[in-house]
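Residue -10 is where the sequence shown starts when you use the numbering used here, and the numbers rise one by one after that.
Straight-line C-alpha distance at most 25 Å; calculated SDA-like pairs for lysine to any residue:
(1) K384 / Y139
(2) K384 / V186
(3) K114 / E150
(4) K114 / R183
(5) K289 / I367
(6) K312 / E353
(7) K351 / T307
What follows is a list of derived Cβ distance ranges for each label pair:
(8) K27 / D350: 51 to 61 Å
(9) P349 / P42: 54 to 64 Å
(10) R183 / P349: 23 to 33 Å
(11) R317 / R156: 55 to 65 Å
(12) R156 / L347: 48 to 58 Å
(13) A100 / G388: 41 to 51 Å
(14) V77 / A180: 32 to 42 Å
(15) D66 / T285: 47 to 57 Å
(16) E209 / R246: 27 to 37 Å
(17) E209 / A315: 41 to 51 Å
For the record, the hints were derived by calculation from the structure and aren't laboratory data.
Even for Gly, the Cβ is constructed at its ideal location relative to N, Cα and C.
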Amino acid sequence: MRAGLVSAAYLLFAWAAVACWPAAAEESESVGAPKSVKVLTGIDVLAKDGFKPLEGLRLGLLTHKAGKTADGRRTIDVLAKAPGVNLVALFSPEHGLGADREGNIAAASDAATGLPIHSLYGASKRPTPEMLASLDAIAIDLQDVGVRFYTYATTMAYVLEEAAKARIKVIVLDRPNPIGGAGVTGPVLDADQRSFVGYFQMPIQHGMTMGELARLFNAENAIGADLTVVAMQGYARASWFDGTGLPWESPSPNLRRLSGTVLYPGIGALEFTDLSVGRGTATPFELVGAPWVDGTALAKALQRRHVSGVRITSAEFTPKASKFKAERCFGVRLVVEDRRRFDAVRLGVEIAVALRRLHPDKFETRDLIKLLGSREAIAAIDAGKDPAAIVASWKDGQGRFQAQAAPHLLY
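Could you put together the complete structure from these sequences and hints?
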C-alpha cells in the first residue's frame, strides 16, 4: 500500500498499535541487538527505481557523512554518477559534510566531485535565493536521531520554506529514526520557545522519521512546498537502528554509538545547565556530572527511584574537551539495559529533581528552557515534584501531537 493512499484513520490506529508493541519485538541492549531485517533507505529505493523522480532536474543535495547507501557509497557519489541526474550543488547542515565539526562552518567544495558546498550552519541557516537560483530541485538525505532539539529537522524545515518561495521541488530520501518510532516522550514545546533547536511544537522524543517530519511541517505549517518523500522499504515503526541491518554512521561528533543516542533525549536536554553530559569523553551522554556534584549521593538518590530500564552507578571522569575540560567531574554513569521500558526524558527529569534537592545552590534550572522547552516542567522540577507526576502531566499534549502527526506517517 502506498503511504500517500493510507487513510488518516488507519494511521492513527497504526500508531496506537505501536504504543503497545509486544515486548518480544525488541531485545534489551544488554542481551544483544534485535534481529536485523534489511532496510532499504530512501537513496537505495531511489537507485532501485532508476532515479526517476530526479530525471532532467538541476539538483542540489543536502547531506552529510551518514548519507550513504546500504553498501557504503556516499549519496553524493551515487547521484553524481547516476544516469539522467544533474547534481550541481551540495548543502551541509550543522557539523558539516563530514558530520565531525563544531561551530559555524564556511562554504567549501567537495574534494571527490568538485561540487560547491553551501553551508547551512554558517553565515545563514537557510538556503539563500542565490544558492537556489540554479536549481530545479533539492534532495535531502540526513540521518536524524528522533529528538526535537537536534537541528537537522529544523534545517530541513528551512529548506522546505525557502524552496517553496523559490518554487523548486524538495525530495526527501528517508532514513530510520534510530531510537524507534514507538516512543513519544517529553513535554510539547511551549509556543513561545520556537527556535533553531525547537522548530515545531512537539515532544522531545517525537517518534517520526525525517520524511514524516517533512510531511508534517509542510502541511501543518502551511509551507506549501512541492514535496516528495522517497519512503524506505522494509522499515518497521518500532525498529531500533540496530534492527535495520544498516551500518551505524555517527550523524554528529558526539553521537558515536547507539547507546548514547538512546540516552540523548533526556541527557541532552540537560546540556545548557552547569553540568557535563560527557562531551570530551569516550562515552558522551552516558555520563552526567560536574566538579561540584556529589556523585555517590546522586547515584544513591537515583537508585532509590528505581528508574526503569537503566543501571545507574557513581562515576568520576575528566573531559578532554568541552565543558569542564581537564577538570575532574563527579556524577553518574548510565547504562540502558532494557530499551523497551526505558524513558530517556523521564531519566533527565529524575536527575534534575535529584540535583535540585542535593545541590539547591549549585544546580540552576533557568537554562533548561532552551531544550526541555516547557516552563511548566521547569517549575515542577524547581518545586521538587515527583518526577513520575511531572512525566504524567505531559500525556495530554503528547496525545494531541500524535493525533496531529497521524495523517503524515509513512510506516
